[in-house]
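> Residue numbers (the working numbering), protein chains in the order written: chain A, 74 to 406; chain B, 74 to 406; chain C, 74 to 406; chain D, 74 to 406.
For the record, the hints were derived by calculation from the structure and aren't laboratory data. Accuracy of the hints is not assured; some may be wrong.
What the hints assert, rightly or not - Facing chain B, according to a computed beta carbon distance under 10 Å, are these residues of chain C, among others:
1. THR146
2. ASP149
3. ILE152
4. LEU201
5. VAL203
6. ASP208
7. GLY319
8. ASN327
9. THR329
10. VAL340
Claimed, not checked - Chain C residues, not near chain B, derived (Cβ > 10 Å throughout):
11. ALA94
12. ARG97
13. SER106
14. SER123
15. ASP136
16. MET171
17. ALA179
18. THR199
19. GLN226
20. PRO227
21. TRP253
22. ARG277
23. ASP348
24. GLU375
Just so we're clear, the structure is a prediction, and the values are computed from it rather than from any experiment. Glycine is no exception: its CB is placed at the ideal position from the N, C-alpha and C atoms.
For reference, the chains in residue letters:
There are 4 protein chains.
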Amino acid sequence: MRFCVFGAGRMGERHIANITANKRAELAYVIDSVHDRAASVAERFGGRASDAPSVALEDPTVDAVIVASPTDTHVDLIIAAARAGKAILCEKPIDLDMTRVEMCQAAIGEYNVPIMIGFQRRFDVTHLAVKHAVDGGEVGRIEVIKIVSRDPQPPPASYIAKSGGQFHDQMIHDFDMALWLSGATGKVTVFSMASNLVDPEIGRLGDTDTAQVLLRFHSGCLCHIDCSRRAVYGYDQRVEVFGSGGMVCSANLNRTGIERYTSQLTVARDRLYDDFMKRYSQTYELELEYFIDAVANGYAIEANFASGKRALLLADAARQSHGTGAAVVVDLG
Amino acid sequence: MRFCVFGAGRMGERHIANITANKRAELAYVIDSVHDRAASVAERFGGRASDAPSVALEDPTVDAVIVASPTDTHVDLIIAAARAGKAILCEKPIDLDMTRVEMCQAAIGEYNVPIMIGFQRRFDVTHLAVKHAVDGGEVGRIEVIKIVSRDPQPPPASYIAKSGGQFHDQMIHDFDMALWLSGATGKVTVFSMASNLVDPEIGRLGDTDTAQVLLRFHSGCLCHIDCSRRAVYGYDQRVEVFGSGGMVCSANLNRTGIERYTSQLTVARDRLYDDFMKRYSQTYELELEYFIDAVANGYAIEANFASGKRALLLADAARQSHGTGAAVVVDLG
Amino acid sequence: MRFCVFGAGRMGERHIANITANKRAELAYVIDSVHDRAASVAERFGGRASDAPSVALEDPTVDAVIVASPTDTHVDLIIAAARAGKAILCEKPIDLDMTRVEMCQAAIGEYNVPIMIGFQRRFDVTHLAVKHAVDGGEVGRIEVIKIVSRDPQPPPASYIAKSGGQFHDQMIHDFDMALWLSGATGKVTVFSMASNLVDPEIGRLGDTDTAQVLLRFHSGCLCHIDCSRRAVYGYDQRVEVFGSGGMVCSANLNRTGIERYTSQLTVARDRLYDDFMKRYSQTYELELEYFIDAVANGYAIEANFASGKRALLLADAARQSHGTGAAVVVDLG
Amino acid sequence: MRFCVFGAGRMGERHIANITANKRAELAYVIDSVHDRAASVAERFGGRASDAPSVALEDPTVDAVIVASPTDTHVDLIIAAARAGKAILCEKPIDLDMTRVEMCQAAIGEYNVPIMIGFQRRFDVTHLAVKHAVDGGEVGRIEVIKIVSRDPQPPPASYIAKSGGQFHDQMIHDFDMALWLSGATGKVTVFSMASNLVDPEIGRLGDTDTAQVLLRFHSGCLCHIDCSRRAVYGYDQRVEVFGSGGMVCSANLNRTGIERYTSQLTVARDRLYDDFMKRYSQTYELELEYFIDAVANGYAIEANFASGKRALLLADAARQSHGTGAAVVVDLG
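The following block holds chain A by itself, in its conformation from the complex (with noise of 0.2 Å):
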């Protein structure tokens, strides 16, 4: 499967080096807004280096692409790739604007590409074990899910600033990982609440860095998310769903298995992950694996746009009810 990656920046980069290692996967392009950024790359990892997004869309040897891009270049190349035939696998969140969203889904609907969003948590293992642990019954009916996701330090302010806000650039994966484990539908109940505690620059973009959101779904499944842009021992990543059966968490991993015993504690192991792009280093392989095996063999593929569109739909909510202070409610479908 021939690849064109967008965006030569870190994600892309982490893209583009799976893409290499993987045998069924070949890097056709590289393509930047920056020209050198792709040349660059392409010079590292092999493809063509291009700012032009149309020099890859008009080959028709390339079968796919992933939108590593800034944001808001999303929805454009999601549109141009879907008319131009290709695979495509973008990275969250869809845009940060659900009209934009909704005019995209709407344009792409007759070319009927294969579309996925970069959820990678899905693919952890770990997430993946209490996933089929879940789905299989073990934890019975569920009544409450609970996601920490605790980023080791905030990003920098420049970053914060085009974010899109603590909601819908760091919890969305949460709010993803939430619908997949709990596989809800209809309406729910969102209530957020969050502070700026960490960093005052933050504050005064007007974003937070301290954020928690109770979801109620049409269950009655409750479902709490706990996020943090600093958590000093490490990047914190913990699911828990429980039920009339009993619980199943993911609990977190550490770098490695080592324990100290000293005279004033005991068992205590290493630090977390520094990111999560070294958390989750196989899960983007095995996504990209999921992929190329979903479009090779035509699997309808569950992190869909749709699945992007709800998370974006719950981000959205939590946005609103901080803002007011009251719950909101929505449907997802």
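For chain A, the structure is supplied; the task is to place chains B, C and D on it using the hints.
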């Protein structure tokens, strides 16, 4: 210190057993509205049985009373005991009706007797270690507090009917925990979501069994409380305090240190405790020790009447939020 | 059951405290060769103080004796108590000299009184859970048993000098644990290695502080025991039973359930217990309960004289192996 | 760096896959005495297939060889490769016969090529973290080292028959681990006990499946190694280093971070890895990286020929001790 215990039920009997085992305490009276119940307990543990509180309150050799009778008798007994100049240890909640609590507070003000509310978790060695770590600055500025309280199985419908509801009966301990750990004062925003998922009978009584609350303290610190009336793996009690300097947790205690490895799993621990009595067994002893110390030495009691009132304030707000679907702001003073 | 306790030192006082707290037990006598010590303890806990064992042994109202005096007095007191028809709970070891142990066994045979050796670990809830799991077939055929016993700090030189050496003083508990868990009979091969690494003073007294023993039971099951006189992280007590069906472990218990996360580490638990008295606090109570039950109901006592002798047999063999550098074969009967 | 791999079996294929994935490595030849096997692997991974080592050794563009052929071919291939001036990475053990190992050492001395023995565990991130902690002084003076190595299931009888026995085939890694962690030199006392408990067929072949070794290093440090050919819960790999300053452990790694809570148990993790290939998957990649670095930069290789010989020395001594029942003293130099 000579004690009178009001209430010869399960809770009263626990206090009576601890009084008997404590070298500095002596059981003088067991009072229960059902005389036979008082007599039966007194026969096993000593003390004089009666169904008349006045018998004990008029005895000048009685130093202290423990109020472990039904909740709706607490206020009257507190007032009577205060008037009689006895030190008071009263089980939570003070009352289900804030008006009566305030009336009680006004009524006992002039007598100035030592009064302590039975928030026994404050004396648990693990929770206390967390409190000391937090007060010692180990987590830095507190940003997030999370509390889980799940009972092994729901109480009988007859208990639910008189319990005051999940927020007042079960979550009251967690509200106190949140206030104790945070040291919060001033305004707090309270939002709750709750469902009836465990036992339909509880729903028919107008109560819930799966409840979650979000608090936002004046400092911006967010707090989440997660209660359930049923956890098949036992009595689940967890606390997590997260801040700028790290995290300190009160993890679940297992009944034994056994670990199992089979062809299916590894490092499996045994079930958690079967009830709060076993989990907090030692805690009740330490609570009594503290009470005796505080009364004997005239220490200011931390878990005092005002603490009981503040916890009730949050329970009232949570119930109101559940009813209206809107957040409620209360002032902790 | 009316008790006489021989020895008013630390161990005797522990038993005395437990007798006092036990509703079925009554403290009749405290006997110590130093009369003042007996008197001081009796003053606090009750009972009649004396320096003459005969005073208690001649009292027909005394049902049982606990022998917690220095090791070299055990045999004489056991014989005297047996002759007086008292039930006996004797601290380990019976004696450091196998000849005297066998003489004692012969001397008390005819009196047929209940006799129990103070291997209190058999009553620890965690070790007991392991024993039940093993007996219940959870590990299948036992192939490997591993035991770790490390003290927080070495005892004073004065204690070491009279202790009988590390194999007899410290490892005797582990030998009993190995025999209890395995149910081994017949021939066993014993090999030991030991060093003086912790405290040079211990070496000057001809003793070791770091000792390991390998046992090969008749069944082919291998057993490893690992003792140290000093672990800076606290009192380390672990047992592992491995077999054809899996593994069951008795893991270390922490003093509290606190967990810490800092910029350096995660999931750090607190130090282990500071001494065996605290680690096995409840265990001594359960031991006494069992003894009372067994004597009252005529149960066959498991930790009996023969158990004490078998543990001593292994300690003797380990000491011999350490001296000669060769393995030693002994017959457990 | 252009590689020739000798041996197209499971181990050879693992190295070949890693060479293919490594940007600094290129697969030049796949050599196997069974030509078809070499051809089949070369077809999948590239490289030229042959059954003649000389083809590769005479090719001046080949920089390095990996010896992953049967143990009895190692010495001849090492000598031939050294003579041809190739860098060598040889799987353990060098040979089962110390005479041949010494002959080999003498024969290759003059060629002075880089040679590394495949003790891949030294590159495992957890074991390495333990090594760094120990070298950094975290445990103070080392007093005790303990190693557990248990395979998920025994190899087939055909493998056992040629394996050299449990001490040489399985425990050789643990001997190297003990020597690496301790940095021991000089005399060491070796004692072993072993049984045939897992598979009678292994016993019929004169081998054991449950083996334990005690080592006493010159420093007085004691070391225990515990091997089994079968652990139903998966591949059990643990290391513990204990000393005057505390303890550092290399704990088992689980395949995922899932934790289960049911009505019977809590905090249950999943099975351990199914084999050493999966457990040490990343480790083999890091080993190759290190080898390439060391050869390219002329670093002194730590896991060198002498290391391989010292591990063999201990395996020989352990086998001898098992045969005679007596301890054996060897000199590590």
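> Is the nearest Cβ of chain B still more than 10 Å from the Cβ of THR199 (chain C)?
violated (4 Å)
> The hint names ASN327 (chain C) as touching chain B; please verify it with the least Cβ-Cβ distance against 10 Å.
holds (9 Å)
> Is it the case that TRP253 (chain C) keeps its Cβ farther than 10 Å from each residue Cβ in chain B?
For TRP253 (chain C), whose nearest Cβ neighbour in chain B is about 16 Å away, the distance exceeds 10 Å, so it holds.
> THR329 (chain C) was flagged as interface toward chain B. Is the shortest Cβ-Cβ separation under 10 Å?
For THR329 (chain C), the interface hint holds, since the closest Cβ of chain B sits about 4 Å away, which is under 10 Å.
> Hey, is GLU375 (chain C) genuinely clear of chain B, shortest beta carbon separation above 10 Å?
The claim stands: GLU375 (chain C) keeps its Cβ more than 10 Å from every Cβ of chain B (closest is about 19 Å).
> If we take the beta carbon of SER123 (chain C), is the closest beta carbon in chain B still more than 10 Å away?
holds (24 Å)
> Taking the closest pair, is the beta carbon of SER106 (chain C) still more than 10 Å from chain B?
holds (28 Å)
> Checking the smallest CB distance to chain B, is GLN226 (chain C) really beyond 10 Å?
holds (22 Å)
> Taking 10 Å as the cut and beta carbons as the points, is MET171 (chain C) off the interface with chain B?
Non-interface label on MET171 (chain C) holds, nearest chain B Cβ at 34 Å vs cutoff 10 Å.
> Holds or violated: is the Cβ of ARG277 (chain C) farther than 10 Å from all Cβ atoms of chain B?
holds (37 Å)
> Taking 10 Å as the cut and beta carbons as the points, is ALA179 (chain C) off the interface with chain B?
holds (40 Å)
> Checking a non-interface call: every C-beta of chain B should be farther than 10 Å from the C-beta of ALA94 (chain C). Is that right?
violated (6 Å)
Hint compliance for this structure: hints 1, 2, 3, 6, 11 and 18 are not met, and every other hint is.
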